Amino acid sequence: MQLTRGQRLRLTDLIGPDLRFQIGLDARVGGTTPDFACFGLDGAGKLADERYMTFFNQPTSPCGGVSLLPGSEAVFAFDLQRLPASLERLVITATVDAPVTLGQLSSGSLRVLDGPLETGRFDLQASDYAAERALMLLELYRKDGQWRVAITGQGFNGGLAALVEHFGGEVAAPAAAPQQSAARINLEKRLEKEAPHLISLVKKAAVSLEKKGMTAHRAKVCLCLDISASMSQLYDSGQVQAFAERVLALGCQFDDDGEIDVFLFGKDVHQPEPMGLGNNRDYVQQISQRHKLEFDTRYGAAMQAIRRFYFPDSAGGARTTPHKAQVPVYVMFITDGTTSDQAVTQQQLRWSSNEPIFWQFMGIGRGRKGGFFGGSASTGSASDFPFLEKLDDLEGRLVDNADFFSVSSPGEHPDEALYDLLMNEYPGWVQLARQNGLLG
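Heads up: the sequence shown at position 420 corresponds to 590 in the working numbering, and the numbers run straight through without jumps.
Mixed in with the good hints, there may be bad ones.
[Said to hold, decoys possible] Result set (DSSO-like, lysine-lysine): computed pairs, CA atoms no more than 30 Å apart in a straight line:
| id | residue 1 | residue 2 |
| --- | --- | --- |
| 1 | Lys-390 | Lys-462 |
| 2 | Lys-313 | Lys-373 |
| 3 | Lys-437 | Lys-560 |
| 4 | Lys-494 | Lys-560 |
Source of the hints: derived by calculation from the structure; they are not laboratory data.
These numbers were taken from a predicted model, which means no experiment stands behind them.
With these hints in hand, go ahead and build the complete structure from the sequences.
So this is what it looks like as C-alpha coordinates:
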(Lines of atoms letter the chains of each structure in order from A; the text may use other names.)
(Lines give C-alpha, C1' and ligand atoms only; values in the text may rest on other atoms or scores of the structure.)
Protein backbone atom coordinates (compact mmCIF):
# COMPACT_ATOMS: atom_id res chain seq x y z
CA MET A 171 0.00 0.00 0.00
CA GLN A 172 1.33 3.44 -0.93
CA LEU A 173 0.95 5.71 2.09
CA THR A 174 0.48 9.47 1.81
CA ARG A 175 1.26 12.41 4.05
CA GLY A 176 -1.58 13.05 6.52
CA GLN A 177 -3.13 9.60 6.08
CA ARG A 178 -4.57 7.79 9.12
CA LEU A 179 -5.60 4.14 9.29
CA ARG A 180 -5.86 1.16 11.62
CA LEU A 181 -2.58 -0.61 12.19
CA THR A 182 -4.26 -3.97 11.53
CA ASP A 183 -4.93 -2.75 7.98
CA LEU A 184 -1.16 -3.12 7.48
CA ILE A 185 -0.10 -5.96 9.77
CA GLY A 186 -1.46 -9.05 11.50
CA PRO A 187 -3.33 -9.13 14.84
CA ASP A 188 -0.29 -10.09 16.97
CA LEU A 189 1.05 -6.49 16.63
CA ARG A 190 4.58 -7.57 15.81
CA PHE A 191 6.16 -5.85 12.80
CA GLN A 192 9.06 -3.71 11.63
CA ILE A 193 9.50 -0.27 10.13
CA GLY A 194 12.47 0.29 7.83
CA LEU A 195 13.88 3.74 7.18
CA ASP A 196 16.21 4.90 4.45
CA ALA A 197 17.16 8.49 3.60
CA ARG A 198 19.98 10.64 2.24
CA VAL A 199 20.08 14.34 3.06
CA GLY A 200 22.90 16.51 1.75
CA GLY A 201 25.06 13.42 1.30
CA THR A 202 24.50 12.29 4.91
CA THR A 203 22.27 9.77 6.65
CA PRO A 204 19.87 11.20 9.26
CA ASP A 205 19.74 9.94 12.83
CA PHE A 206 16.50 8.03 13.48
CA ALA A 207 14.74 7.66 16.83
CA CYS A 208 11.47 6.42 18.30
CA PHE A 209 9.85 8.33 21.18
CA GLY A 210 7.44 6.64 23.59
CA LEU A 211 4.93 9.27 24.76
CA ASP A 212 2.22 9.34 27.42
CA GLY A 213 -1.33 10.61 27.01
CA ALA A 214 -0.17 14.22 27.37
CA GLY A 215 2.28 13.85 24.52
CA LYS A 216 5.35 13.89 26.76
CA LEU A 217 8.20 11.43 26.90
CA ALA A 218 6.75 8.95 29.39
CA ASP A 219 10.13 7.66 30.54
CA GLU A 220 13.52 8.65 29.12
CA ARG A 221 14.32 4.97 28.69
CA TYR A 222 11.60 4.88 26.02
CA MET A 223 13.57 6.97 23.61
CA THR A 224 15.01 4.31 21.31
CA PHE A 225 17.99 5.30 19.15
CA PHE A 226 21.53 4.14 18.28
CA ASN A 227 22.89 4.84 21.76
CA GLN A 228 19.91 3.19 23.52
CA PRO A 229 18.70 0.57 21.02
CA THR A 230 16.09 -1.28 23.12
CA SER A 231 13.24 -0.09 25.34
CA PRO A 232 13.06 -1.55 28.89
CA CYS A 233 10.08 -3.75 28.04
CA GLY A 234 11.57 -4.94 24.75
CA GLY A 235 8.59 -3.61 22.83
CA VAL A 236 10.75 -1.33 20.64
CA SER A 237 14.20 -2.16 19.29
CA LEU A 238 16.53 -0.53 16.78
CA LEU A 239 18.14 -3.34 14.80
CA PRO A 240 21.72 -3.09 13.51
CA GLY A 241 22.33 -2.79 9.79
CA SER A 242 22.92 -0.37 6.96
CA GLU A 243 19.24 0.65 6.91
CA ALA A 244 17.62 1.77 10.16
CA VAL A 245 15.00 -0.81 11.12
CA PHE A 246 12.80 -0.56 14.21
CA ALA A 247 11.21 -3.80 15.44
CA PHE A 248 7.93 -3.52 17.39
CA ASP A 249 6.04 -5.88 19.67
CA LEU A 250 3.27 -3.57 20.84
CA GLN A 251 1.71 -6.07 23.24
CA ARG A 252 4.79 -5.73 25.44
CA LEU A 253 4.42 -1.97 25.90
CA PRO A 254 3.18 -0.64 29.26
CA ALA A 255 -0.32 0.84 29.32
CA SER A 256 1.16 4.27 30.16
CA LEU A 257 2.53 4.58 26.62
CA GLU A 258 -0.15 6.05 24.39
CA ARG A 259 1.94 7.02 21.36
CA LEU A 260 5.10 6.05 19.52
CA VAL A 261 6.64 8.63 17.19
CA ILE A 262 9.42 7.90 14.72
CA THR A 263 11.68 10.85 13.92
CA ALA A 264 14.68 11.80 11.80
CA THR A 265 17.18 14.59 12.48
CA VAL A 266 20.18 16.06 10.66
CA ASP A 267 23.01 18.24 11.95
CA ALA A 268 23.50 21.83 10.78
CA PRO A 269 24.33 23.13 8.25
CA VAL A 270 22.43 20.32 6.49
CA THR A 271 18.66 20.87 6.12
CA LEU A 272 15.81 18.67 4.94
CA GLY A 273 15.55 20.79 1.81
CA GLN A 274 18.66 18.89 0.69
CA LEU A 275 16.78 15.57 0.76
CA SER A 276 17.80 13.44 -2.22
CA SER A 277 15.91 10.25 -1.31
CA GLY A 278 13.89 8.89 1.56
CA SER A 279 11.32 6.25 2.38
CA LEU A 280 9.56 4.55 5.27
CA ARG A 281 8.43 0.93 4.87
CA VAL A 282 6.07 -1.09 7.07
CA LEU A 283 7.17 -4.73 7.12
CA ASP A 284 4.94 -7.62 8.23
CA GLY A 285 7.47 -10.43 8.27
CA PRO A 286 9.13 -10.49 4.84
CA LEU A 287 6.28 -8.54 3.22
CA GLU A 288 6.25 -4.79 2.63
CA THR A 289 2.66 -3.81 3.45
CA GLY A 290 3.00 -0.03 3.43
CA ARG A 291 5.39 2.57 2.03
CA PHE A 292 5.73 6.33 2.46
CA ASP A 293 8.14 8.20 0.18
CA LEU A 294 9.61 11.52 1.29
CA GLN A 295 9.65 14.46 -1.12
CA ALA A 296 12.29 17.21 -0.95
CA SER A 297 9.72 19.74 -2.16
CA ASP A 298 7.85 19.37 1.17
CA TYR A 299 10.75 20.81 3.16
CA ALA A 300 13.16 23.74 3.25
CA ALA A 301 15.18 24.81 6.30
CA GLU A 302 13.92 22.09 8.67
CA ARG A 303 16.45 19.89 10.47
CA ALA A 304 14.03 17.60 12.34
CA LEU A 305 11.19 15.51 10.99
CA MET A 306 8.34 13.57 12.60
CA LEU A 307 7.76 10.72 10.16
CA LEU A 308 5.08 8.42 11.56
CA GLU A 309 2.97 8.10 14.69
CA LEU A 310 1.49 4.96 16.23
CA TYR A 311 -1.25 5.71 18.76
CA ARG A 312 -3.98 4.02 20.76
CA LYS A 313 -7.62 4.91 20.07
CA ASP A 314 -10.76 3.06 21.15
CA GLY A 315 -8.70 0.09 22.24
CA GLN A 316 -6.92 -0.20 18.89
CA TRP A 317 -3.52 0.85 17.56
CA ARG A 318 -3.69 3.29 14.67
CA VAL A 319 -1.16 4.84 12.30
CA ALA A 320 -0.74 8.46 11.23
CA ILE A 321 1.65 9.39 8.42
CA THR A 322 2.79 12.83 9.50
CA GLY A 323 5.93 13.89 7.62
CA GLN A 324 6.03 17.09 9.68
CA GLY A 325 9.28 19.10 9.75
CA PHE A 326 10.56 21.57 12.34
CA ASN A 327 12.60 24.66 11.45
CA GLY A 328 14.07 24.78 14.96
CA GLY A 329 15.57 21.35 14.57
CA LEU A 330 16.24 19.25 17.63
CA ALA A 331 15.08 21.75 20.24
CA ALA A 332 11.77 22.27 18.44
CA LEU A 333 11.24 18.53 18.32
CA VAL A 334 11.75 18.19 22.07
CA GLU A 335 9.34 21.06 22.74
CA HIS A 336 6.78 19.26 20.59
CA PHE A 337 7.16 16.25 22.87
CA GLY A 338 6.71 18.12 26.13
CA GLY A 339 8.36 21.52 26.01
CA GLU A 340 11.09 20.70 28.49
CA VAL A 341 14.03 22.30 26.71
CA ALA A 342 15.87 24.15 29.44
CA ALA A 343 19.31 24.33 27.80
CA PRO A 344 21.20 23.14 24.73
CA ALA A 345 22.04 19.93 26.57
CA ALA A 346 18.35 18.98 26.61
CA ALA A 347 18.22 17.62 23.06
CA PRO A 348 15.89 14.88 21.81
CA GLN A 349 18.59 12.35 22.55
CA GLN A 350 18.16 13.18 26.24
CA SER A 351 17.95 9.58 27.36
CA ALA A 352 17.61 8.31 30.89
CA ALA A 353 21.36 7.69 30.86
CA ARG A 354 22.04 11.34 29.98
CA ILE A 355 19.77 12.62 32.72
CA ASN A 356 21.50 10.26 35.12
CA LEU A 357 24.85 11.63 33.92
CA GLU A 358 23.81 15.16 34.85
CA LYS A 359 22.87 13.99 38.33
CA ARG A 360 26.16 12.14 38.67
CA LEU A 361 28.08 15.24 37.61
CA GLU A 362 26.44 17.25 40.37
CA LYS A 363 27.13 14.57 42.95
CA GLU A 364 30.49 13.05 41.94
CA ALA A 365 32.31 15.70 39.91
CA PRO A 366 30.85 19.20 40.40
CA HIS A 367 34.24 20.69 39.45
CA LEU A 368 33.65 19.43 35.88
CA ILE A 369 30.24 21.08 35.37
CA SER A 370 31.70 24.34 34.09
CA LEU A 371 33.97 22.48 31.65
CA VAL A 372 31.06 20.38 30.37
CA LYS A 373 29.04 23.55 29.70
CA LYS A 374 31.94 25.18 27.86
CA ALA A 375 32.35 22.09 25.70
CA ALA A 376 28.62 22.25 24.92
CA VAL A 377 28.97 25.83 23.65
CA SER A 378 31.70 24.83 21.18
CA LEU A 379 29.65 21.86 19.96
CA GLU A 380 26.59 24.07 19.50
CA LYS A 381 28.60 26.44 17.30
CA LYS A 382 29.42 23.52 15.02
CA GLY A 383 25.91 22.05 14.99
CA MET A 384 27.18 19.04 16.98
CA THR A 385 24.88 19.25 20.01
CA ALA A 386 23.15 15.95 19.23
CA HIS A 387 26.29 14.22 17.99
CA ARG A 388 27.36 11.06 19.82
CA ALA A 389 30.85 9.54 19.85
CA LYS A 390 33.23 7.53 22.00
CA VAL A 391 36.15 9.59 23.31
CA CYS A 392 39.62 8.13 23.82
CA LEU A 393 42.59 9.89 25.47
CA CYS A 394 46.00 8.66 24.31
CA LEU A 395 48.88 9.90 26.50
CA ASP A 396 52.62 9.91 25.83
CA ILE A 397 54.49 8.43 28.83
CA SER A 398 57.99 8.92 27.47
CA ALA A 399 60.53 10.17 30.02
CA SER A 400 60.55 13.70 28.57
CA MET A 401 56.94 14.12 29.78
CA SER A 402 58.02 13.85 33.43
CA GLN A 403 57.60 17.52 34.39
CA LEU A 404 54.18 17.74 32.75
CA TYR A 405 52.95 14.80 34.81
CA ASP A 406 54.54 15.97 38.06
CA SER A 407 53.16 19.51 37.75
CA GLY A 408 49.57 18.35 37.29
CA GLN A 409 49.28 19.73 33.75
CA VAL A 410 48.43 16.34 32.25
CA GLN A 411 45.79 15.79 34.93
CA ALA A 412 44.17 19.15 34.20
CA PHE A 413 44.12 18.47 30.47
CA ALA A 414 42.68 15.00 30.99
CA GLU A 415 39.78 16.54 32.93
CA ARG A 416 39.05 18.84 29.99
CA VAL A 417 38.93 15.84 27.66
CA LEU A 418 36.65 13.97 30.08
CA ALA A 419 34.28 16.96 30.00
CA LEU A 420 34.15 16.70 26.20
CA GLY A 421 33.47 12.99 26.61
CA CYS A 422 30.50 13.81 28.84
CA GLN A 423 29.00 15.79 25.96
CA PHE A 424 29.68 13.14 23.32
CA ASP A 425 28.57 10.15 25.42
CA ASP A 426 26.41 9.52 28.47
CA ASP A 427 28.38 6.89 30.37
CA GLY A 428 30.52 9.46 32.21
CA GLU A 429 33.89 8.05 31.21
CA ILE A 430 36.56 8.03 28.52
CA ASP A 431 38.91 5.27 27.47
CA VAL A 432 42.62 5.86 28.11
CA PHE A 433 45.75 4.48 26.43
CA LEU A 434 49.37 5.13 27.41
CA PHE A 435 52.33 4.75 25.09
CA GLY A 436 56.09 4.94 25.24
CA LYS A 437 58.16 1.90 24.38
CA ASP A 438 55.06 -0.21 25.05
CA VAL A 439 51.31 0.41 25.06
CA HIS A 440 49.14 0.16 28.16
CA GLN A 441 45.39 0.45 28.69
CA PRO A 442 44.46 1.36 32.27
CA GLU A 443 40.87 1.50 33.46
CA PRO A 444 38.75 4.28 31.92
CA MET A 445 38.79 7.76 33.43
CA GLY A 446 35.34 8.60 34.78
CA LEU A 447 33.37 10.81 37.11
CA GLY A 448 34.13 8.66 40.12
CA ASN A 449 37.92 8.42 39.73
CA ASN A 450 38.97 11.53 37.84
CA ARG A 451 40.39 13.76 40.61
CA ASP A 452 43.66 11.84 41.04
CA TYR A 453 43.43 9.66 37.95
CA VAL A 454 46.74 10.66 36.34
CA GLN A 455 48.61 10.32 39.62
CA GLN A 456 47.24 6.81 40.08
CA ILE A 457 48.11 5.59 36.59
CA SER A 458 51.56 7.22 36.82
CA GLN A 459 52.32 5.13 39.89
CA ARG A 460 51.39 1.94 38.06
CA HIS A 461 52.97 2.79 34.69
CA LYS A 462 56.40 4.38 34.94
CA LEU A 463 57.75 6.66 32.23
CA GLU A 464 59.52 4.87 29.38
CA PHE A 465 62.44 5.64 27.08
CA ASP A 466 60.88 5.51 23.64
CA THR A 467 57.90 6.92 21.74
CA ARG A 468 55.88 4.79 19.34
CA TYR A 469 52.76 6.40 17.85
CA GLY A 470 52.06 3.50 15.50
CA ALA A 471 51.97 0.90 18.26
CA ALA A 472 49.49 3.02 20.21
CA MET A 473 47.29 3.55 17.15
CA GLN A 474 47.29 -0.18 16.43
CA ALA A 475 46.22 -0.97 20.01
CA ILE A 476 43.42 1.60 19.87
CA ARG A 477 42.14 0.26 16.56
CA ARG A 478 42.28 -3.30 17.89
CA PHE A 479 40.21 -2.27 20.91
CA TYR A 480 37.44 -0.46 19.02
CA PHE A 481 37.44 -2.58 15.85
CA PRO A 482 38.55 -6.07 16.95
CA ASP A 483 37.72 -7.62 13.59
CA SER A 484 40.71 -5.82 12.07
CA ALA A 485 43.11 -6.82 14.89
CA GLY A 486 44.77 -3.47 14.26
CA GLY A 487 45.90 -4.68 10.84
CA ALA A 488 45.13 -3.83 7.23
CA ARG A 489 41.79 -2.27 6.37
CA THR A 490 41.31 -1.35 2.72
CA THR A 491 37.51 -1.10 2.42
CA PRO A 492 35.06 1.05 4.42
CA HIS A 493 33.93 -0.33 7.79
CA LYS A 494 30.63 1.13 9.04
CA ALA A 495 29.56 1.77 12.65
CA GLN A 496 26.79 3.81 14.25
CA VAL A 497 29.06 5.69 16.67
CA PRO A 498 32.49 7.12 15.73
CA VAL A 499 35.61 7.29 17.91
CA TYR A 500 37.33 10.60 18.70
CA VAL A 501 40.95 10.10 19.81
CA MET A 502 42.79 12.90 21.64
CA PHE A 503 46.44 11.99 21.04
CA ILE A 504 49.04 13.89 23.10
CA THR A 505 52.83 13.78 22.69
CA ASP A 506 55.88 15.96 23.27
CA GLY A 507 58.19 14.36 20.70
CA THR A 508 58.57 12.41 17.50
CA THR A 509 58.05 8.69 17.04
CA SER A 510 60.50 5.88 16.37
CA ASP A 511 57.98 3.94 14.22
CA GLN A 512 57.13 6.45 11.50
CA ALA A 513 56.41 3.86 8.80
CA VAL A 514 54.04 1.95 11.11
CA THR A 515 52.30 5.21 12.07
CA GLN A 516 51.69 6.17 8.44
CA GLN A 517 50.37 2.69 7.69
CA GLN A 518 48.03 2.80 10.69
CA LEU A 519 46.67 6.21 9.68
CA ARG A 520 45.98 5.02 6.13
CA TRP A 521 44.29 1.80 7.27
CA SER A 522 42.22 3.61 9.90
CA SER A 523 40.91 6.06 7.28
CA ASN A 524 38.57 3.19 6.34
CA GLU A 525 37.17 3.13 9.89
CA PRO A 526 34.98 5.63 11.80
CA ILE A 527 37.87 6.91 13.93
CA PHE A 528 39.32 10.46 14.02
CA TRP A 529 42.80 11.29 15.34
CA GLN A 530 43.31 14.69 16.97
CA PHE A 531 47.06 15.05 17.51
CA MET A 532 48.41 17.69 19.92
CA GLY A 533 52.13 18.29 20.19
CA ILE A 534 53.55 19.94 23.30
CA GLY A 535 56.50 22.05 22.13
CA ARG A 536 57.45 24.18 19.14
CA GLY A 537 55.49 23.73 15.95
CA ARG A 538 54.34 25.52 12.83
CA LYS A 539 50.70 24.64 13.45
CA GLY A 540 49.62 26.37 16.63
CA GLY A 541 46.31 27.39 18.16
CA PHE A 542 43.98 30.32 17.55
CA PHE A 543 46.20 32.86 19.28
CA GLY A 544 49.44 31.96 17.56
CA GLY A 545 50.34 29.71 20.48
CA SER A 546 53.52 27.78 20.03
CA ALA A 547 53.52 28.03 16.26
CA SER A 548 56.89 29.35 15.21
CA THR A 549 57.94 31.27 12.13
CA GLY A 550 61.30 30.58 10.59
CA SER A 551 62.43 28.31 13.43
CA ALA A 552 62.74 24.57 13.67
CA SER A 553 59.62 22.57 14.59
CA ASP A 554 59.58 19.80 17.17
CA PHE A 555 56.94 18.00 15.10
CA PRO A 556 57.89 17.86 11.41
CA PHE A 557 56.54 14.31 11.15
CA LEU A 558 53.17 15.15 12.67
CA GLU A 559 52.88 18.21 10.43
CA LYS A 560 53.40 15.99 7.38
CA LEU A 561 51.16 13.28 8.82
CA ASP A 562 48.32 15.79 8.98
CA ASP A 563 48.37 15.91 5.16
CA LEU A 564 49.22 12.26 4.49
CA GLU A 565 48.16 10.97 1.06
CA GLY A 566 46.62 7.60 0.29
CA ARG A 567 43.67 7.80 2.72
CA LEU A 568 39.98 7.29 2.04
CA VAL A 569 39.22 10.48 3.99
CA ASP A 570 41.30 13.01 5.92
CA ASN A 571 40.98 11.43 9.36
CA ALA A 572 43.46 13.49 11.40
CA ASP A 573 44.21 17.01 12.60
CA PHE A 574 47.29 18.42 14.34
CA PHE A 575 48.16 21.51 16.34
CA SER A 576 50.92 22.36 18.79
CA VAL A 577 50.92 24.12 22.16
CA SER A 578 53.67 25.34 24.42
CA SER A 579 51.92 23.67 27.36
CA PRO A 580 48.72 21.65 27.85
CA GLY A 581 47.04 24.64 29.51
CA GLU A 582 48.08 27.25 26.96
CA HIS A 583 44.56 27.94 25.71
CA PRO A 584 41.48 28.95 27.74
CA ASP A 585 38.84 26.24 27.95
CA GLU A 586 36.53 27.80 25.37
CA ALA A 587 39.34 28.25 22.85
CA LEU A 588 40.62 24.72 23.40
CA TYR A 589 37.22 23.15 22.72
CA ASP A 590 36.88 25.27 19.57
CA LEU A 591 40.30 24.04 18.51
CA LEU A 592 39.38 20.41 19.15
CA MET A 593 36.39 20.86 16.83
CA ASN A 594 38.43 22.46 14.04
CA GLU A 595 38.32 19.55 11.57
CA TYR A 596 36.24 16.91 13.32
CA PRO A 597 32.76 18.10 12.15
CA GLY A 598 33.98 18.07 8.54
CA TRP A 599 35.33 14.57 9.01
CA VAL A 600 31.94 13.41 10.35
CA GLN A 601 30.32 14.58 7.12
CA LEU A 602 32.97 12.84 4.99
CA ALA A 603 32.67 9.67 7.07
CA ARG A 604 28.94 9.52 6.42
CA GLN A 605 29.37 10.22 2.71
CA ASN A 606 31.94 7.43 2.41
CA GLY A 607 29.95 4.77 4.26
CA LEU A 608 31.83 4.84 7.57
CA LEU A 609 28.91 6.03 9.70
CA GLY A 610 25.41 4.58 9.58
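Lys-390 paired with Lys-462 [C-alpha distance capped at 30 Å]: 27 Å, holds
Proposed proximity, Lys-560 with Lys-437 (alpha carbon, max 30 Å): 23 Å, holds
Pairwise hint evaluation, Lys-560 against Lys-494, where the allowed Cα distance is 30 Å at most: Holds: Lys-494 and Lys-560 sit about 27 Å apart, inside 30 Å.
Lys-313 paired with Lys-373 [C-alpha distance capped at 30 Å]: Violated, at roughly 42 Å.
Going through the hint list in order, the structure does not satisfy hint 2, though it satisfies all others.
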